[in-house]
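My request is simple: use the sequences and hints to build the entire structure.
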Amino acid sequence: VSQSRIASWYGYESGPHYRRRPRTANGEYFTPYGLTAAHKTLPFGTRVLVTNIDNNESVIVTINDRGPFVKNRIIDLTKSAALKIHFKGTQKVRLQII
Numbered sequence: 013v014s015q016s017r018i019a020s021w022y023g024y025e026s027g028p029h030y031r032r033r034p035r036t037a038n039g040e041y042f043t044p045y046g047l048t049a050a051h052k053t054l055p056f057g058t059r060v061l062v063t064n065i066d067n068n069e070s071v072i073v074t075i076n077d078r079g080p081f082v083k084n085r086i087i088d089l090t091k092s093a094a095l096k097i098h099f100k101g102t103q104k105v106r107l108q109i110i
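Note that the sequence shown covers residues 13 to 110 in the numbering used here.
Hints listed in this document are in silico derivations from the structure and should not be mistaken for laboratory results. Every residue, glycine too, gets a C-beta built ideally from N, C-alpha and C. Heads up, a few of these hints could be off.
[What the hints assert, rightly or not] Below 30 Å or equal to it, Euclidean Cα-Cα: the simulated DSSO-like pairs (lysine-lysine) are:
#1 K104 to K52
#2 K104 to K91
#3 K83 to K104
#4 K52 to K100
#5 K96 to K52
#6 K91 to K52
#7 K83 to K96
#8 K83 to K100
#9 K52 to K83
[To be verified] Ranges of calculated distance between the beta carbons of each label pair, as one might list FRET restraints:
#10 N38 to I110: 16 to 26 Å
#11 G39 to N68: 28 to 38 Å
#12 N68 to R33: 33 to 43 Å
#13 T58 to V82: 19 to 29 Å
#14 K52 to I110: 13 to 23 Å
#15 S14 to T102: 16 to 26 Å
#16 G23 to E69: 18 to 28 Å
#17 F81 to S16: 16 to 26 Å
#18 P34 to N68: 28 to 38 Å
Structure representation (structure tokens):
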């Protein structure tokens, strides 16, 4: 089963919130350099293959947070995961649970 919709990325590389090392919804410390992601309903620990529809590049991420909280978005990737499939803002992607 796969789903295709818009993905975005999120990070806390700078600013006052990063100094406190924010935690994800499952309690882990957030790191923009990890291959993790936020999804509204998938269980924590679920591994997902995320494929950029435009260039067919893929990355495997682990769900450790909740979100995105923007209408019509399916997943929020860390900055590192988004860069691996070459997008910087939002991008149409396909998700496949591994």
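The hints, checked one at a time:
no.: 1; hint: K104 to K52; result: 17 Å, holds
no.: 2; hint: K104 to K91; result: 16 Å, holds
no.: 3; hint: K83 to K104; result: 14 Å, holds
no.: 4; hint: K52 to K100; result: 21 Å, holds
no.: 5; hint: K96 to K52; result: 22 Å, holds
no.: 6; hint: K91 to K52; result: 18 Å, holds
no.: 7; hint: K83 to K96; result: 24 Å, holds
no.: 8; hint: K83 to K100; result: 19 Å, holds
no.: 9; hint: K52 to K83; result: 11 Å, holds
no.: 10; hint: N38 to I110: 16 to 26 Å; result: 18 Å, holds
no.: 11; hint: G39 to N68: 28 to 38 Å; result: 34 Å, holds
no.: 12; hint: N68 to R33: 33 to 43 Å; result: 35 Å, holds
no.: 13; hint: T58 to V82: 19 to 29 Å; result: 21 Å, holds
no.: 14; hint: K52 to I110: 13 to 23 Å; result: 18 Å, holds
no.: 15; hint: S14 to T102: 16 to 26 Å; result: 19 Å, holds
no.: 16; hint: G23 to E69: 18 to 28 Å; result: 19 Å, holds
no.: 17; hint: F81 to S16: 16 to 26 Å; result: 20 Å, holds
no.: 18; hint: P34 to N68: 28 to 38 Å; result: 32 Å, holds
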